[in-house]
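Whenever a hint applies, use it, and build me the whole structure from the sequences.
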Amino acid sequence: DGGITQSPKYLFRKEGQNVTLSCEQNLNHDAMYWYRQDPGQGLRLIYYSQIVNDFQKGDIAEGYSVSREKKESFPLTVTSAQKNPTAFYLCASSLQQGWAFFGQGTRLTVV
Amino acid sequence: GQQLNQSPQSMFIQEGEDVSMNCTSSSIFNTWLWYKQDPGEGPVLLIALYKAGELTSNGRLTAQFGITRKDSFLNISASIPSDVGIYFCAGEGSARQLTFGSGTQLTVLP
Numbered sequence: 005d006g007g008i009t010q011s012p013k014y015l016f017r018k019e020g021q022n023v024t025l026s027c028e029q030n031l032n033h034d035a036m037y038w039y040r041q042d043p044g045q046g047l048r049l050i051y052y053s054q055i056v057n058d059f060q061k062g063d064i065a066e067g068y069s070v071s072r073e074k075k076e077s078f079p080l081t082v083t084s085a086q087k088n089p090t091a092f093y094l095c096a097s098s099l100q101q102g103w104a105f106f107g108q109g110t111r112l113t114v115v
Numbered sequence: 185g186q187q188l189n190q191s192p193q194s195m196f197i198q199e200g201e202d203v204s205m206n207c208t209s210s211s212i213f214n215t216w217l218w219y220k221q222d223p224g225e226g227p228v229l230l231i232a233l234y235k236a237g238e239l240t241s242n243g244r245l246t247a248q249f250g251i252t253r254k255d256s257f258l259n260i261s262a263s264i265p266s267d268v269g270i271y272f273c274a275g276e277g278s279a280r281q282l283t284f285g286s287g288t289q290l291t292v293l294p
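From first to last, the protein sequence lines are chains R and D.
Heads up: the first sequence begins at 5 in the numbering used here, then just goes up one per residue.
Heads up: the second sequence begins at 185 in the numbering used here, then just goes up one per residue.
It is worth saying that the hints were derived from the structure and are not from the lab.
Please note that the accuracy of each hint is not assured.
Unchecked claim - List time: in silico DSBU-like cross-link candidates among lysine-lysine, alpha-carbon distance up to 30 angstroms:
1. R/K61 x D/K254
2. R/K87 x R/K61
3. R/K13 x R/K74
4. R/K18 x R/K61
5. R/K75 x D/K254
None of the values given here were measured: they were computed from a predicted structure.
The following block contains the structure:
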């Protein structure tokens, strides 16, 4: 079945560590996105990519990095520079106007 | 960045009642979307609106794209327990970026 898969579902990070969240889609979508969700808040855009080997910063890119080496994959690295990384991270992809499909999310907790 | 104001922030309703929520923006959007999110899951698209004035239904859900292109509402008729969740509006502006509202937490009481 076509879809968008995020892994892992739960991730624990020690202070000062970098961690990478995986996002893979087999929908043949050109555009992919990373959002951060905090309790009681909407989704905030971290990074997005409209084509392979190209990506742009969203509203809260500081402390995060991404790559887009393949159309299917858009991994997000949460670096040690991100001071408050505990959140729910959502990856999405889209082909046409407005139709963004979301993965199941990764809940990152700093321990 | 663009701002979306979504209201109400939360709602408690009796099963069988109708529900209405809305979003307003200071900017014009080309597309309005409504999503539902269950706890611990990603949002699922409910309705997409592409033209000002458009009124679209999906089962018990009805949404409208405001004439000014700066607002949208979502109605749910005859609510049922599985309607519980967080409902988000989202507007698509330039560069195919989505701006999300802060969500409406819906609780349906038996």
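Against the structure, the hints come out as follows:
A threshold of 30 angstroms between alpha carbons decides the hint, and for R/K61 with D/K254 the separation of about 25 angstroms falls inside it, so the pair holds. Simply put, R/K87 and R/K61 have alpha-carbon atoms about 18 angstroms apart, close enough for the 30 angstroms limit, and the pair holds. For the proposed pair R/K13 and R/K74, the alpha carbon gap of about 22 angstroms is at most 30 angstroms, so the pair holds. A C-alpha spacing of about 25 angstroms is found between R/K18 and R/K61, which places the hinted pair at or below 30 angstroms, so the restraint holds.
Restraint check for R/K75 and D/K254: not satisfied, since their Cα atoms lie roughly 33 angstroms apart, outside the 30 angstroms limit.
Consistency with the previously given hints fails for number 5 only.
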